[in-house]
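Colleague: Combine both chains into one complex, guided by the hints.
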Amino acid sequence: MSVAPLTAEVAVPLIPGIPRPKNATSSNIGAPTIEKETRTEEALDLPWHVVVHNDPVNLMSYVTMVFQRVFGYPRDKAERHMLEVHHKGRSILWSGMRERGELYVQQLHGYLLLATLEKVS
Amino acid sequence: MEIRRRKNQIEISELDPFLAELLRQIPTSANTEGAPAAEQRIFSPPANGKEAELCAEWKMYVEPELRRLFQTATQTVGADLEQLNGNEKSLANRTLRIPTKHADAWLSVLNQARLVIAAKNNFTETELNDHLHSPIGSRRDLSLFQVNFYGFLQEFILRELEC
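Protein chains in written order, with the numbering used here: chain A, 1 to 121; chain B, 1 to 163.
Honestly, the hints are just simulated from the structure, not real lab data. Cβ atoms here follow ideal geometry from the backbone N, Cα and C, with glycine treated the same way. Hints should not be assumed to be uniformly reliable.
To be verified - To give an idea of the chain B side of the interface with chain A (calculated C-beta under 10 Å), a few residues:
id, residue
1, 43
2, 66
3, 85
4, 123
Stated by the list, open to error - Which chain B residues face chain A? A few, computed with CB under 10 Å, are given here:
id, residue
5, 37
6, 41
7, 111
8, 124
9, 129
10, 149
11, 151
Here chain B stands alone, though its shape is the one from the complex (with noise of 0.2 Å):
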């Protein structure tokens, strides 16, 4: 896989099917629903118990907003993703172009993407920062594989912002 900037895009090219897949999955793993854990954490309280009239006002006003913001970025990182539909059988290796206008869209959901996954299973701080575990061997290792490829990627677009 190489990943570098042209113009005003972020290019991911010679993807491996494995890896195009991981991509692919983006939108599903970032997906809250049926994982308590997962929604507690992305929709943490804003206050601590005391503050019961806030956290109310939160959860009627603020999450819904939130839930919007999310969703809009989700759909932006979607539509880029459809690049990587197609001949699912082919082994080719494949490109992904990502506009950097979509660059903040693009870190938010790989941002959620890992939290989710990372409450899912929820991995140890030590196990987060194994960034050289290996190898996979369990659905679980494949989990804290995409949470640490994820987190390669937000680091690149991160650095690409501050050129």
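With the rest of the complex left out, here is chain A (with noise of 0.2 Å):
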């Protein structure tokens, strides 16, 4: 069984001070246009990284403790990052969307950690 491809009748209204595009006739649009691939808001918002960075301050167990606590992440894990952060200045805790990066380093705020959202160039 074949089937007809469709075909529509599109008036294209004339707006004053808008031009008609230019593939488009008052009568009749024929195949449509694939325009330029635009990428998804999601693909635009990867990756962003949260930071924590050193604060000669802020205990090392309580670090520690904030890591686990916001990220969930298992004591081991959470030293790994506690002690890059010592020795090193920073650690990238978590990479992903942009909103979710925000809560992150809102929650990491309120326990009063230097942290930073950064886009990854």
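Modeller: Structure (structure tokens):
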């Protein structure tokens, strides 16, 4: 069984001040023109890093506890990140979409840790 | 001074007047008012300067929430510390009982107080790591002692939370 392709008669109104699309006629629009492919919002949003920076005042045990609470990391992983912050000055705790990253940074600031959201260049 | 866990409380007993006074000063010490360096540290930006829009939105929407969060914690700690009020001239040792359900508020306010004191005094990392620094000969030394004393309390509360 074959199905005849759909065609449509569409009137393209002419709005004063807005030029008519180049490929449009007032009586018939043919095969759809595929516009340049756009990236989804999610793809545009990836990735952002949640970075924690060193602060000599915060206790190591406190920072470890915060990482466990905020990210749900097991103790050994939280400690590894804490030591990375301590020795290297910063550690990337999480990567992903901006909105969630903002939430993490907000939580970390609630615990008074120096945390920032960084867009991966 | 003795510190121990008793059922649902953390009990700090045998508090001499000096340490009791340091405890009473926790809420005041956590206050950033009039100290731009401390204010900057407590309400640090969420991103570098390139993300101006994010920083502006943060200041408008998130910062007030953080202020409320810190204020609530400070009020909880302040209410617990009222146990130390009373006869100011008494030299008798006091006891402070902190309900374990207030432990998070205490951790937060102790941390805030340490950060604010450190920012106000611009302590270096070397100074902060010198836990055996003594004696207390100046206001700066006293502030450093305060940071270390509050840190000791934080460590104890953290240990108790893990148990």
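Colleague: Run the structure past the numbered hints and jot down the numbers of the failing ones, going up.
Modeller: 3, 5 and 10
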